[in-house]
Each structure stands twice: as C-alpha cells, then as structure tokens.
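Novice: Quick mapping for you: the protein sequence lines, in order, are chains A and B. Heads up, the first sequence stops at 246 in full-length UniProt numbering, and the numbers go up one at a time, no gaps. Heads up, the second sequence stops at 246 in full-length UniProt numbering, and the numbers go up one at a time, no gaps.
Simulated from the structure, these hints should not be mistaken for lab results. In this text the structure is predicted, and so the values were computed from the model without any measurement. Keep in mind that the hints are not guaranteed to be accurate.
Stated by the list, open to error - Pulled a few chain B residues facing chain A out of the computed Cβ check, cut under 7 Å:
#, residue
1, Gly-17
2, Ala-18
3, Met-57
4, Pro-69
5, Leu-71
6, Asp-107
Each residue gets a CB set at the ideal place from its N, CA and C atoms; glycine is no exception.
Below are the chains, spelled out letter by letter.
Protein chains: 2
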Amino acid sequence: MNDQPAPDLEARLRQIGAERYHDKHPFHRLLHSGGCTPDQVRAWVINRYYYQSRIPMKDAAFMSRVEDPALRRAWRSRIEDHDGTAEQEGGIRRWLRLARGVGLDPDYVASTQGVLPATRFAVDAYVRYVRDQPLLQAVAASLTELFAPAIHEERIAGLLRHYDFANADTVSYFRHRLTEAPKDVAFGLSWVLEHATTPERADMAVAALVFKMDVLWAQLDALYAAYVTPALIPPGAWRPGEGMAR
Amino acid sequence: MNDQPAPDLEARLRQIGAERYHDKHPFHRLLHSGGCTPDQVRAWVINRYYYQSRIPMKDAAFMSRVEDPALRRAWRSRIEDHDGTAEQEGGIRRWLRLARGVGLDPDYVASTQGVLPATRFAVDAYVRYVRDQPLLQAVAASLTELFAPAIHEERIAGLLRHYDFANADTVSYFRHRLTEAPKDVAFGLSWVLEHATTPERADMAVAALVFKMDVLWAQLDALYAAYVTPALIPPGAWRPGEGMAR
C-alpha cells in the first residue's frame with residue numbers, strides 16, 4: 001500500500017486498449033473496409049443505437065452517486081453531449097440521422113424494437129455496473145474513450161470511401177465525438193490516476209476497463225453471429241426489410 | 001379504470017399541501033417570526049444543507065431511469081439550478097453563502113458532519129424512493145415544489161425583518177427558487193396529470209406526494225427535538241460552538 005498512483009497504471013490501461021478494444025473486432029474491419037451489406041450496416045445502426053441511448057442513463061446513474069458538486073458539474077457535459085442542449089442537437093439525434101441515412105425509420109430505431117437480446121444484456125450490465133460499483137471503477141470503465149478517436153477517424157474515412165449513404169450529415173455523430181471524447185477522457189483518466197492510490201485500487205481500475213472492453217466486444221459478437229456469418233437472427237430481433245423508412 | 005386523468009387529482013394534490021406542507025411546522029413558524037436563536041438558525045442551515053446537497057443526486061437518479069431523451073433534457077435544468085453552470089453559481093453555493101452569513105464555516109457545512117441522523121434517514125429515503133419507485137411516483141414526489149414559492153416569500157420577508165444576518169446575499173438562494181420552482185413544478189404537475197390515467201395511478205401520485213411531505217416534515221421534527229424544546233442533541237450531531245468560521 002502506498003499513496004502514490006501506481007506509476008505504470010496509465011501504461012497498463014493503454015495496453016488493455018491495444019489488446020481488447022473493439023477496433024480489432026472482425027465486424028468493424030468489415031464495416032470500415034466497405035464489406036458490409038446495406039442490411040448489415042442497418043443491423044449495426046439499430047444495435048449500436050441501444051448503446052448510445054443508454055449512455056446518458058449511465059452517466060446520470062454515476063452522478064446520482066457523486067456527493068461532490070464539482071465532479072457532478074464536470075460529468076454533466078457528457079449527458080449534454082448525448083441528449084443535446086438548446087444550441088446543440090446532441091449525439092442521439094445525430095445517430096438517428098445516420099439511421100435515416102441508411103434507409104431506416106428513425107422512430108423504429110428509437111423504439112429499440114429489434115435490438116438483439118445480447119446487446120441489451122451487455123449494455124444493461126454496463127449501466128448496472130456504473131450504478132453499483134465503486135466510483136473509481138465507474139470512472140475507469142469510461143476510459144474506453146481513450147481509444148475512440150482513432151476508431152472514429154478510421155470509421156469516418158471508411159464509411160465515406162465505401163458507402164453511398166455516407167456524407168457530412170450521416171457521419172456527423174462521429175465527427176462530434178472526435179472533440180467530445182478527448183475532453184471526457186482527459187478528465188476521466190486524470191481522475192482515475194489521482195484516485196488509484198494503491199496497487200489494489202490500480203487493479204480495480206484495470207478490471208473495470210477490461211469489463212467495459214467486454215461490453216463493447218460482446219455487442220459486436222452478437223451482431224456478427226446474427227447478421228454476418230452464419231446469419232442466425234434470434235427471435236424478435238430485427239430482420240432485413242423491417243422498420244424501413246416509409 | 002379509464003384513460004382520462006382523475007378530474008380531481010390536482011385538487012387532491014393541492015389539498016395535501018394545505019394539510020401537510022412543512023410551512024405549518026412549528027420550527028418554520030419560529031424561524032419566520034424571528035423566534036430562533038442564532039444557533040437554532042445554524043442548526044437549520046446545517047441540516048437543510050444535507051437536503052439541498054442530495055437533490056441533484058435525486059434528480060440524476062431519476063434521469064438514470066428515463067429512456068426518453070426529451071424528458072431527460074427537461075429534467076436536467078434542475079441539476080443545473082443546484083450544481084450551477086458556467087454562468088450561474090447554483091443553489092448549493094448560494095446555500096453556503098447563507099451558511100457563511102450565519103457565522104458557519106462553509107467547509108464544515110459542506111462536509112455534512114454534524115447533520116442529524118434523522119435528517120440523513122429522511123433525505124436518503126427520498127433519494128432511494130426516486131431511484132426505486134415507478135417514474136410517476138418519482139415525479140409526483142417532486143410536487144412539494146407547488147407550495148414552495150409561498151414559503152420562500154414568507155421566509156425572505158421574515159428573515160429580512162427579524163435577523164441581522166439576512167441580506168440580499170444570504171437570502172439569494174430563496175430568491176432564485178422563486179423563479180426556478182414554478183418552472184419545475186409546472187412541468188412536473190402537467191406530467192403527473194397526463195400520466196395518472198387511472199384511479200389507481202392517481203392514488204399512486206397522491207401517496208408519493210404524502211411520502212415527500214413526510215420527508216420534509218420529519219427533518220423539522222428532528223431539528224425541533226434536538227435544538228428547540230427540549231434541546232436534546234443526539235451524539236455526533238452539531239453542537240453550538242462547533243464549525244464556526246475562522
């Protein structure tokens with residue numbers, strides 16, 4: 001036990017990203033290289049919407065446990081980024097413009113009908129984790145954002161190069177995340193390094209980031225199993241042709 | 001069962017206020033009429049701070065359960081009102097200026113040391129209620145704000161008339177609530193009336209408001225028992241002389 005951050009904690013966290021971040025998942029490789037069919041893109045948009053839509057609930061669950069007004073204030077911008085403000089439409093509406101761009105009815109997507117059960121289980125597990133675990137782990141779990149700008153850059157370029165639906169309007173969600181995620185993660189990383197003051201607490205932060213990597217990866221596994229190869233769509237989940245824009 | 005709001009629900013809710021709102025508690029009568037000693041005012045400021053400080057956590061707990069981004073957006077301003085924004089210091093800091101005004105160390109008050117256990121139990125019960133109960137009840141519980149402007153008016157006038165510490169700076173918390181509470185409650189009341197579409201749901205809303213009245217009243221009971229007559233301060237709670245500004 002000591003009162004200094006474990007000197008190698010940041011390196012350990014970055015190593016987890018190098019090994020486990022979902023940029024390495026075959027579904028993303030397929031998506032970014034232009035290999036997805038229109039329906040595979042739609043399945044991704046529908047399922048990933050569920051994750052997006054729960055992020056502000058996750059952040060509110062975090063704030064509901066924070067006694068320090070300054071920390072709540074710092075965290076609140078995450079909810080604003082997703083839900084929007086008087087001036088900014090917010091990430092959720094931007095995602096629904098992507099949905100419209102790939103030919104889906106935004107109301108169908110927003111209803112979260114047709115989302116794969118495995119997507120719900122993974123995402124709901126994340127919200128519950130943030131509600132129940134120590135604050136250190138709740139913050140550390142958010143550090144997947146460390147690795148988000150690289151995947152967003154790759155995605156914007158890949159989508160614009162390979163898909164007809166991709167344009168400034170439909171990729172605007174990702175463009176905004178390029179500036180939002182670094183702001184959030186700079187705060188979150190320094191908070192974790194400051195509060196992981198013992199080897200035990202450093203291990204807790206590492207475990208939390210691994211957990212969150214699993215949450216992201218599991219969503220793509222479910223997508224791949226259901227819609228790529230072999231396509232094995234579970235009962236009740238979205239099927240090609242459903243939920244199209246009228 | 002029907003699908004219209006019970007026509008008398010608003011009247012029932014207002015009747016609960018007429019019978020149970022804490023403007024009728026002897027502690028408030030004492031406070032507003034100039035009958036409190038400086039230490040009794042301090043005890044009130046210390047204990048009421050605990051309630052103030054948990055309100056944004058309660059509102060975040062509510063938002064963590066709301067799936068509709070529009071409802072979350074509408075609710076978010078409550079957290080901003082208390083925690084502050086770039087432009088507005090927020091209610092918690094205003095309350096700490098009142099603390100300073102009555103001779104307390106704001107850091108002592110913000111530490112929530114010395115808060116009566118009964119205050120904590122009542123307030124924590126409210127946060128838990130909002131986290132666990134149906135959304136209708138969580139919103140209905142907030143409707144004590146229907147009755148807040150009248151008590152704030154009475155309090156501002158009473159404090160300014162009777163106490164040396166009272167001035168525009170120290171009562172600014174209450175002045176801001178005069179405009180914030182009506183905005184919140186207009187939204188909350190119409191939401192409750194819109195969603196209490198059966199007699200059973202109307203009864204749920206009524207029960208929630210009664211619960212919240214109890215939360216407010218119990219805090220004053222504890223204050224009165226500990227600091228007024230007979231003064232019976234429980235172990236660990238604030239004692240006159242502690243936590244004074246340096």
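Novice: Now tell me, hint by hint, if it's right for this structure.
Specialist: Hints versus structure:
Proximity of B/Gly-17 to chain A is violated relative to the hint, the smallest CB-CB distance being about 27 Å (cut-off 7 Å). For the restraint placing B/Ala-18 at the interface with chain A, the shortest Cβ-Cβ distance is roughly 32 Å, beyond the 7 Å limit, so the hint is violated. The interface hint given for B/Met-57 holds, since its Cβ lies 5 Å from the closest Cβ of chain A, which is under the 7 Å cut-off. For B/Pro-69, the interface hint holds, since its Cβ comes within 7 Å of a Cβ in chain A; the closest pair sits about 5 Å apart.
The closest approach between the C-beta of B/Leu-71 and any C-beta of chain A is roughly 10 Å, which is over the 7 Å cut-off, so the hint fails. Interface restraint check for B/Asp-107: the shortest CB-CB distance to chain A comes to about 13 Å, outside 7 Å, so the restraint is violated.
In terms of the numbered hints stated before, the structure departs from hints 1, 2, 5, 6, listed from lowest to highest.
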